[in-house]
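Student: Sequence:
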Amino acid sequence: MERSTHPRPAPRPREAFSRRSVIAVLAIYLSPWTAASSQAQEQGAKTMNHYATQKSISDAVDGGGLLVVAQWEAKPGEADRIAGILDRFLPEAQREDGVKLFLISRATDNPAQFLFYELFRDEAAFKAHQESAHFKTYIAGEALPLLAKRERAQYAML
1 MERSTHPRPA PRPREAFSRR SVIAVLAIYL SPWTAASSQA QEQGAKTMNH
51 YATQKSISDA VDGGGLLVVA QWEAKPGEAD RIAGILDRFL PEAQREDGVK
101 LFLISRATDN PAQFLFYELF RDEAAFKAHQ ESAHFKTYIA GEALPLLAKR
151 ERAQYAML
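Here the sequence shown is numbered in full-length UniProt numbering, starting from 1 and rising by one per residue.
Incorrect hints may appear among the rest.
Cross-link-like lysine to any residue pairs, in silico, SDA-like; alpha carbons within 25 Å at most [to be verified]:
no. : residue 1 : residue 2
1   : K127      : M157
2   : K127      : E151
3   : K149      : A79
4   : K149      : F116
5   : K149      : Q113
6   : K149      : L90
7   : K136      : L146
8   : K136      : A148
9   : K149      : A60
10  : K127      : D109
11  : K136      : L115
12  : K127      : A70
13  : K149      : E73
14  : K75       : T137
15  : K149      : S105
16  : K75       : E142
17  : K127      : E73
18  : K136      : E123
19  : K136      : P76
20  : K149      : A83
21  : K136      : Y155
22  : K75       : R150
23  : K136      : A70
24  : K136      : E73
25  : K127      : P76
Label-pair ranges, simulated between beta-carbon atoms [unchecked claim]:
no. : residue 1 : residue 2 : range
26  : A148      : A124      : 30 to 36 Å
27  : K75       : T137      : 16 to 22 Å
28  : G84       : A156      : 31 to 37 Å
29  : G64       : G141      : 30 to 36 Å
30  : D80       : R152      : 18 to 24 Å
31  : E123      : D80       : 31 to 37 Å
None of these hints come from the bench; they were simulated from the model. All C-beta atoms in this analysis are idealised placements derived from N, C-alpha and C, irrespective of residue type, glycine included.
Build the full structure now, drawing on both the sequences and the hints.
Tutor: Encoded structure:
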């Protein structure tokens, strides 16, 4: 197989989203009336969605911040174990001083997939989050070894 000699463009570590687009996405993401949400409720699936009102979403994104979106996929047979770890981790993460919004969801069509939507006051708050005891214990210590895939992107709020 021949490799291309053309250099790839450097990845952009941060993308910018407008405050309005984040509110619109969150309104859809958090809506308890989405088809996926109602289907999951009918099937008795446990989700880690935390619903919020439009006002609380607006309050969270007011003043900007650092948005981190992560996607995880569990190794075969480990999804429920990861969900249990995240159930213990989430309340502690949501109480952090620099956290404006912290949501974790589990896909209804593939329970091995998890989506994180995290809004931090700034880069320092995100760094403090990663240095917290609960992050080190639950995420780095327990959950990450159970993952087949982990992707994360950072966005600057406009």
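Student: All hints are to be evaluated individually against the structure, with a verdict given for each.
Tutor: Consistency of the hints with the structure:
1. K127 with M157: holds, 17 Å
2. K127 with E151: Holds: K127 and E151 sit about 17 Å apart, inside 25 Å.
3. K149 with A79: holds, 12 Å
4. K149 with F116: Given that 25 Å is the threshold and the Cα spacing comes to 13 Å, the pair holds.
5. K149 with Q113: holds, 9 Å
6. K149 with L90: Given that 25 Å is the threshold and the Cα spacing comes to 20 Å, the pair holds.
7. K136 with L146: Given pair K136, L146 holds - Cα atoms ~15 Å apart, limit 25 Å.
8. K136 with A148: Judged against 25 Å, a Cα distance of about 19 Å means the pair holds.
9. K149 with A60: violated, 29 Å
10. K127 with D109: violated, 32 Å
11. K136 with L115: Given that 25 Å is the threshold and the Cα spacing comes to 19 Å, the pair holds.
12. K127 with A70: holds, 15 Å
13. K149 with E73: Holds: K149 and E73 sit about 5 Å apart, inside 25 Å.
14. K75 with T137: holds, 19 Å
15. K149 with S105: Given that 25 Å is the threshold and the Cα spacing comes to 16 Å, the pair holds.
16. K75 with E142: holds, 13 Å
17. K127 with E73: Since the Cα atoms of K127 and E73 sit roughly 23 Å apart, the hinted pair holds (cutoff 25 Å).
18. K136 with E123: holds, 18 Å
19. K136 with P76: It holds: about 23 Å lies between the C-alpha atoms, which stays within 25 Å.
20. K149 with A83: holds, 15 Å
21. K136 with Y155: holds, 23 Å
22. K75 with R150: OK: K75 and R150 at ~11 Å, within 25 Å.
23. K136 with A70: It holds: about 17 Å lies between the C-alpha atoms, which stays within 25 Å.
24. K136 with E73: holds, 19 Å
25. K127 with P76: violated, 30 Å
26. A148 with A124: 30 to 36 Å: Since the Cβ atoms of A148 and A124 sit about 31 Å apart, the hinted range of 30 to 36 Å holds.
27. K75 with T137: 16 to 22 Å: holds, 20 Å
28. G84 with A156: 31 to 37 Å: Since the Cβ atoms of G84 and A156 sit about 33 Å apart, the hinted range of 31 to 37 Å holds.
29. G64 with G141: 30 to 36 Å: holds, 32 Å
30. D80 with R152: 18 to 24 Å: holds, 22 Å
31. E123 with D80: 31 to 37 Å: holds, 34 Å
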